[in-house]
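Asks: Residue strings, one per chain:
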Amino acid sequence: MPKYLLIMRGTDESNAAMMADIDEMMATTRQFIEEMVKAGVLLAAEGLDDPSQGVVVDFSGEAPVVTDGPYGETKELFGGFFLLDVASKQEAVEWAKRVPAARGAKIEVRRVPGSDEVPQADR
Amino acid sequence: MSTADVEAVWRIESARIVAALTRFTGDFGLAEDAAQEAVAEALTSWPLAPPANPAGWLMATARRRAIDAIRRRAALQDRYALLAADVAVDEDIDPDKIDDDVLALMFVSCHPVLSPEARVALTLRVVGGLSSGEIARAFLVPVPTVQARITRGKKTIAAAGVPFELPPAAERRERLGDVLSVLYVIFTEGSTATSGDRLLRPDLAYEAIRLARTLAALQPDEPEVHGLLALCELTAARFPARTAPDGSPVLLDEQDRRLWDFLAIRRGLAALAKASARGLGPYGLQAAIAATHAAAPSVEATDWDRIVVLYEALGRVAPSPVVELNRAVAVAMASGPAQALAIVDELIALDRLPGSHLVPTVRGELLARLGRRPEARAELELAARLCANQRERSVLLRKAAALS
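Chains as they are written, first to last, in the working numbering: chain S, 74 to 196; chain P, 13 to 416.
In case anyone wonders, no lab produced these hints; they're calculated from the structure. No experiment lies behind these values; they were computed from the predicted model shown. Keep in mind that the hints are not guaranteed to be accurate.
Label pairs and their calculated CB-CB ranges [stated by the list, open to error]:
id : chain 1 : residue 1 : chain 2 : residue 2 : range
1  : S       : D85       : P       : P175      : 54 to 60 Å
2  : S       : K170      : P       : L398      : 47 to 53 Å
3  : S       : R183      : P       : A64       : 51 to 57 Å
4  : P       : P128      : S       : D85       : 56 to 62 Å
5  : S       : L121      : P       : A308      : 32 to 38 Å
For every residue, glycine included, the Cβ atom is placed at its ideal position computed from N, Cα and C.
For reference, chain S alone in the conformation it holds in the complex (with noise of 0.2 Å):
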């Protein structure tokens, strides 16, 4: 089965809603994993620490240069994923309509490739 990561990514003002609640969001986040995980399609889920505590490593240049987060210009923050191990890509994305996710919140649903679909190099 095919394995799709679910990318949160809020906005200041989604993640603010969120936080603004944090015990019924924890609740509700608690119950969407433990759903999936009765389903059998759950087989990771992290969140995010600030981004403010997060850095950058820039390669424009010749050398890498880091600075501290936030993302410059970057809008949406990656606030955390789930990674799924689903039969198609509908069944991420139905999945994905499920999360509890605050107004303006968007969910990127990227599909993992298996090994067997990364070219290989000579072994």
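Please arrange chain P on chain S, whose structure you already have, making use of the hints.
Replies: For chain P alone, coordinates are given in the frame of chain S:
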């Protein structure tokens, strides 16, 4: 909403819908039929008018179909039945009981009154949500055969008066063995197809893993459930290395271990840790063997002594000629082919695995390592004649040819 969208919702919701319907109609076959009718209706109506709550729509429609069916039957029988049925269907669905419902559904689909084939077909259909076509493809049988197995299975359950409930605690562990063995049969068919031209049917294997994960979530206190899950994850972790780009099998000693799925190995090891709370059962022991392979950088650097010990333990907990044969292979790696040959010859003398291609396969390998080439070749040719998987057979013939 496309057909694929309907299928996606069905896959996520089917077990819960069938389970909840079974609880309030008390009729497993009726519930399954009503749920299938609801999907058929969704396939025609959703593309025109997608519902706001697809899962709720499916449940409500299936429930209506079930009530219609009960009414039709009741009208043919008598009014009392109608009244009695109406009381039953008016109960609301209790979300707190849905987990138990899905678990009960697994136990019913794997009930001992059913033939092994019917258990597999019903589990894939009503718990996994696979269509008859998908099941038929997976097991290389005609669609009508699968449909007949499902219909007969439902009739058998109704005729035997199997109640829709979790078995009592005392029976549960014993019956859990049936559920685990059905999931393992499904996984094994996906991991080494018994016949046909493909070695792996990954979709089927991953479906079995998904169901095992579901079972582990519903029965977290049963070590063997985690043992089975660990075994499946650790076995599936090797899938990417088990076949060459042309589909031919790559044997363990030639596999590129860098292709092994390390995340699956990690999940397998985590499940194995949960399986060993009170000592390992048969699935846990097999998972421990798979974990020993997973931890080794190469065949030579594998802890074969540990594998021999684990096979000895497995032979005590769940004795079988296949375990003996595998123990022989491990002994050959740990202590040399001569000792292993004695184990295999004893299996043959007792005629423990008649007709299996595995015995001459192993015997042929051992004889080759002992330098007894003509005998080895004869054994491998015998193995090829007995082997039903084309991919495996061609490997055996190649090995035999190399010995001439």
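Asks: So, for every hint listed, does it hold in this structure?
Replies: Verification of the supplied hints:
no.: 1; hint: S:D85 - P:P175: 54 to 60 Å; in the structure: holds, 55 Å
no.: 2; hint: S:K170 - P:L398: 47 to 53 Å; in the structure: holds, 51 Å
no.: 3; hint: S:R183 - P:A64: 51 to 57 Å; in the structure: violated, 26 Å
no.: 4; hint: P:P128 - S:D85: 56 to 62 Å; in the structure: holds, 57 Å
no.: 5; hint: S:L121 - P:A308: 32 to 38 Å; in the structure: holds, 35 Å
Checked against the numbered hints above, the structure violates only hint 3.
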